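A.B. asks: Use the sequences and the hints to build the structure in full.
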Amino acid sequence: MRNFYFGLDLGHYEIKLSVLEETYDGRLISYNTSFKNEYFRKNDIIEQENLISLLNQVIENTLETFDIKRINNLNISLTLPSFQKHIQKGHAIFEDNVKEEDIKKTIRTAKNFLLLNNQEILVEEPLRFLIDGIQEIRDPLGFAGKRLDADVLFISCHKSFYDKIKNIFKALNLEIVNILPSLYCSSKVCLSKKDKEIGVGLIDIGGETISIGVFNEGKLIDMMVFDFGAEILYQDLAVHLKVGFEEIEKIKTDLYKSEFTGGKKTNKKEAKLKQQITKFLEKKLKEYFEEFKISDYVKSVKKGYKFPAGLVMIGGFSLYENSLNLLKNILEVPIKFPKDELNIFENEDEIKKFSSSVGAALLAKEFSKEYGLLEKIKKFFYNFWSR
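For the sequence shown, counting from 1, position 77 maps to 77 in this note's numbering; every step adds exactly one.
No wet-lab data here; the hints were simulated from the structure. Only a predicted model underlies this, so the values are computations on that prediction, with no experimental measurement involved. Hints are supplied without guarantee of correctness; some may be wrong.
[As the list claims (entries may be wrong)] Computed list of lysine-lysine pairs in DSSO-like fashion (alpha-carbon distance at most 30 Å, straight line):
no.	residue 1	residue 2
1	K283	K293
2	K302	K89
3	K188	K166
4	K302	K111
5	K219	K306
6	K159	K369
7	K302	K283
[Said to hold, decoys possible] Here are the simulated distance ranges between beta carbons:
no.	residue 1	residue 2	range
8	Q57	N118	24 to 34 Å
9	S295	N112	30 to 40 Å
10	P81	K170	17 to 27 Å
11	S53	K339	29 to 39 Å
In this text, a Cβ means the ideal position worked out from N, Cα and C, and glycines have one as well.
C.D. replies: What follows is the structure, encoded as structure tokens:
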């Protein structure tokens, strides 16, 4: 039986949809497409009816392409400058050995202690566990003791915005599994287990925001979203070159790699212009990284965790052919592009662009398996007690 899982990244300038197919033999194949989005800016949706109409068209095309009647197992990913992070302690008293329910209770206690107003929690990530206040352990399941403590990282967004997204998809007769930060979803497909274990950063440079996530010992330990994106750079470039919107869009396309430009060779005039643009972008990017405290954030994280595996760069700006060198010069840390850890992308540029939507689809798959197992257990006990 073929199973399909869906991830939709609601970007500020593009909507990216990924369909993850699990084949008969268990292989995963991703199908990815994108559409221009003019209805999502900063922390809010504008022209909501137009967005619903656009999404409806995307959904109808998907149903027809894959010859399916309904989209289930849909996760939404997005990035908001207003994301908030919280680290809270929780605890649980247990008997004999730690059980799965004790771990859940510890996280639930931490969540209750937050006392958040008008916030919806999107991510819960336990950072560390303590048994009886002494023994620190990564996975406490099965350990003996009496008390379990935990430090838990929570990522949240405004509840009103969360409800607005839910209602948009409800209007399309679609039920969302989860709404998740784009960076969190991307980490599921473009960071190796080894890198996440020893310490790595993930930086997503989009049109309106820059997100940075820090991973250590296999988990997300910190995340920041900066209210600055590549579109500001290109607006500055348009002023610098004295060109209009259409011309700057053409220049942006020409700056991308050969896969996006047909691999055409550049003449001396074009090469000189490209060099001029590169110098300008590096200068402005450095200024903005200082203005928005992005460089300071990377330096502070580097002191604490040292980024043994460096930074991995994704997002629209990473498609620019010289982006890697620009960031290396500005942040002074090793930077690399992501690798296709699951062998489900067609090329390197696809993983940079669609890592979030594919990661969202992969998380929908994982949730479906967990939910399916839970339903089977419930059904077994229901049938047993009904005899």
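A.B. asks: For every hint, state whether the structure bears it out.
C.D. replies: Here is what the structure says about each hint:
1. Of the pairs offered as hints, the one joining K283 and K293 holds, with about 16 Å between alpha carbons and a cut-off of 30 Å not exceeded.
2. A C-alpha spacing of about 25 Å is found between K302 and K89, which places the hinted pair at or below 30 Å, so the restraint holds.
3. Among the hinted pairs, K188 with K166 is consistent with the structure: their alpha-carbon atoms are about 23 Å apart, no more than 30 Å.
4. About 29 Å separates the Cα atoms of K302 and K111, which keeps this hinted pair within 30 Å; it holds.
5. With a C-alpha separation of about 16 Å, the suggested pair K219 and K306 falls inside the 30 Å cut-off, and the hint holds.
6. Of the supplied pair hints, the one linking K159 and K369 holds, its CA atoms being roughly 28 Å apart against a limit of 30 Å.
7. Among the hinted pairs, K302 with K283 is consistent with the structure: their alpha-carbon atoms are about 23 Å apart, no more than 30 Å.
8. One distance hint, 24 to 34 Å for the beta-carbon pair Q57 and N118, holds here, with the actual separation near 32 Å.
9. Against the hinted window of 30 to 40 Å, the Cβ-Cβ separation of S295 and N112 comes to about 37 Å, which satisfies the hint.
10. Distance hint for P81 and K170: a CB-CB separation of about 25 Å, consistent with the stated range 17 to 27 Å.
11. Between S53 and K339, the C-beta spacing of about 37 Å keeps the proposed range 29 to 39 Å intact.
Hint compliance for this structure: no hint is broken.
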